[in-house]
Amino acid sequence: MTAPSVTPTGRSGAFVRLRPRGPVGVVYLALVGVYLVGWLAVAARGGDFVTVGNTVTILQNSVALGLVAVGQTYVILAGSLDLSVAYLVSLTSLVTAQTMQTAGVVPGVLAALAVAAVVGLANGLVVTRLGVNAFIATLGMALILRGYLEHNYTGPAGAVPTSFQHLGYDRLGPVPVSVFLLAATVAVTWFVLRRTRLGHHIYAVGGDEEVARLSGVPTTRTRVTAHVLCALCAGLAGVFLASRLGAGAPWAGTEAQYDLVSIAAVVLGGTLLAGGRGGVAGTVGGVLILATLDTVFDQLAVDPFFKNVVRGVVIVVAVALYARRGVDVRRRGMRGGS
Amino acid sequence: MTGTEPASGAAHLRWRPAPLAGLRAVAPVLVLLVALLVALAVVDPGFFDPERLLAFLRRSAPLVILAAGQYLVIVSGGFDLSVGAVVTAGVVVAAELFNLAPGLPWLVVVAVLLLGGLLVGVVNGIVSTVFAVPSFIATLGMMLVLQGAVFFWTQGAPRGYLPEDYRMLGRSAVPGAEWLPWAVVVLAVVGVAAVLFMRSDTGRTLVATGDNDVAAGLAGVRVARLRILAFALSGVAAAVAAILVGGFTGVSAQAGSGYEFQAITAVVLGGVALGGGRGSVVAAMAGAFSLQALFTLLTLLGVSGALESAVQGVIVITAVAVGGISWSRRATRTHQPVRESV
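Chains A and B are the protein sequences, given in the same order. So the first sequence is residues 1 to 338, counted in UniProt numbering. So the second sequence is residues 1 to 342, counted in UniProt numbering.
Some hints here could point you the wrong way.
What the hints assert, rightly or not - A few chain B residues that face chain A, going by a derived Cβ cut-off under 7 Å, partial list only:
(1) Ala132
(2) Gly141
(3) Phe152
(4) Leu274
(5) Leu298
(6) Leu300
(7) Val303
(8) Ala306
(9) Leu307
(10) Ser309
(11) Gln312
(12) Gly313
Don't read these hints as lab results, they were simulated from the structure. Even glycine gets a Cβ: it sits at the ideal position worked out from N, Cα and C.
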């Protein structure tokens, strides 16, 4: 912390009201659009889409992916990405459940977060110190975790006490408790990214690492921290899924393809995949779009395989729309010749 | 093998890389490949029997072909995450076609698959250039669409079978030369074609585009068209791999799963920079051979199937890290994150 405190926004950095970075408004317009189309589609079949129960389902469906995607936002903003989160979610769900079986709730959560932090630290150090591209580094980490999981587990293991299942199933009024966990994580992330020096450093490193370094930003520490925060969020998702499932499962994170889908959710939220632009508010929008789609499909009893087709199309079309609107995206786009 | 012999006699005025530059690009992965082959020879002295070596080449063919296609996309500054799904779709579609129309000539099915791969690639290319969607997302979307469509169509259990004459390319030998599997012939053809393509003006322009698309554009390169071509060729390569995989292993809804990451890993093992502009196609294919040699070695050593991926992860990270160190004098961009210019 002895580095000169030159933040990219200058001395008054903490007080500058930042313009929204990235097309957050468009993201929420897209969300409203998806919601309206879903409403019409369900209504046409004689169903009722706009109910409290349905809204709660959408929120509940958002929690696990939301936690992973919020974490992914840190690393993508910093110009990295993390392909190991799916296996990390599985691993931490198992760590949670097995520790809770013997040692109680608090040690269980702490153990899961500690494991996550170590994995994130390893990712960050491999990316920064060894200079391995983040794609390969975290893909390698995913393979390592996968080998460990497949070698040691064939099915669910451990058990969480009933008291801990409150996190997965209880509600405060109509709102599931787990939604507050997501909301708190989002709030902390928003604060870190927008109101702390670390947050500004993350944007700076993701925008242009070399310029950030020359401006006195500790780029290595910033990127390692981003990887640790990402892993901690994935760890929270593992803890939540353990509570939801009542045990840990080696497929808890991989079945839903949280690695690629979380990246898609972040980009769907208007954050630039190359880093430096975007934010957690957009990510929440992206996650809600995917969760709304899921809920619509469930209500229409659409073939689950067909879901993926529509998901893929929606993701690509939405990102294409952002690219059309965002001048910056286009300037960086593959249109060098025009 | 380096693809960098000096230009033949004609007085070419255009730029050519220095003769040794290409060798230096290929060297680290060749060291890795040779080390793995030596290890294979130590563990299994019979590995270099011509017959078994050809069997190894045949097993490597799909991954090497995918790596060649993936190289074109990566060197031009993108990613192609859809190739695994294209392989699966190709295998399943072929089986369904034979199911719908038994007695269909196998060449027709091969043509349909190649056209399908071309179409998928062109769509990937257009979405990521004309519509400015990052290729990571564009091809991820394509992957979801193809996976979903294949499972939706087959309800998770592919029907049909692949007749003997269609499977010939994947598992039989050339008639009259029983020692030579067709897959090795296909591999050689694709390999030579890839090297010739990269030595052509178009290939060199592709690398330049990946290095700096703005500069390439200002120099008159049709950047979007070139990138669409790269995706299209990657799609065709994936279709070729699908034909081989189908012949080799038969019908399965998991035929191609994981191939996209293996192909990208192979290309990176070959020292090709993610983000584009650097690396040779020979090195990328050598990376694929290395990866396949690693799989073979782990199997021979009896590393259990589950731990295999863990060992693979460690070795891939180590190899790329070591490769990065020996490169760092020339390349200042090794620390660059995944940053396609999108």
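Hint-by-hint comparison with the structure:
The criterion of a C-beta within 7 Å of any C-beta in chain A is met by Ala132(B), whose closest approach is roughly 4 Å, and the hint holds. Given the 7 Å rule on beta carbons, the hint for Gly141(B) holds: about 4 Å separates it from the nearest Cβ of chain A. Given the 7 Å rule on beta carbons, the hint for Phe152(B) holds: about 4 Å separates it from the nearest Cβ of chain A. With its C-beta approaching chain A no nearer than about 5 Å, Leu274(B) sits inside the 7 Å limit, and its interface hint holds.
Given hint, Leu298(B) at the interface with chain A, is violated; its Cβ is 11 Å from that chain's nearest Cβ, farther than 7 Å. The beta carbon of Leu300(B) is not positioned within 7 Å of any beta carbon in chain A (closest approach about 18 Å), and the interface hint is therefore violated. At its closest, the beta carbon of Val303(B) sits 9 Å from a beta carbon of chain A; the interface hint therefore is violated under the 7 Å criterion. Of the supplied interface hints, the one on Ala306(B) holds, with its beta-carbon coming within about 4 Å of a beta-carbon of chain A, less than 7 Å.
Of the supplied interface hints, the one on Leu307(B) holds, with its beta-carbon coming within about 5 Å of a beta-carbon of chain A, less than 7 Å. At about 4 Å, the closest approach between the beta carbon of Ser309(B) and any beta carbon in chain A falls short of 7 Å, and the interface hint on this residue holds. The restraint placing Gln312(B) at the interface with chain A holds, with a minimum CB-CB distance near 5 Å, inside the 7 Å limit. Taking 7 Å as the C-beta cut-off, the interface hint given for Gly313(B) holds, the closest approach to chain A being about 3 Å.
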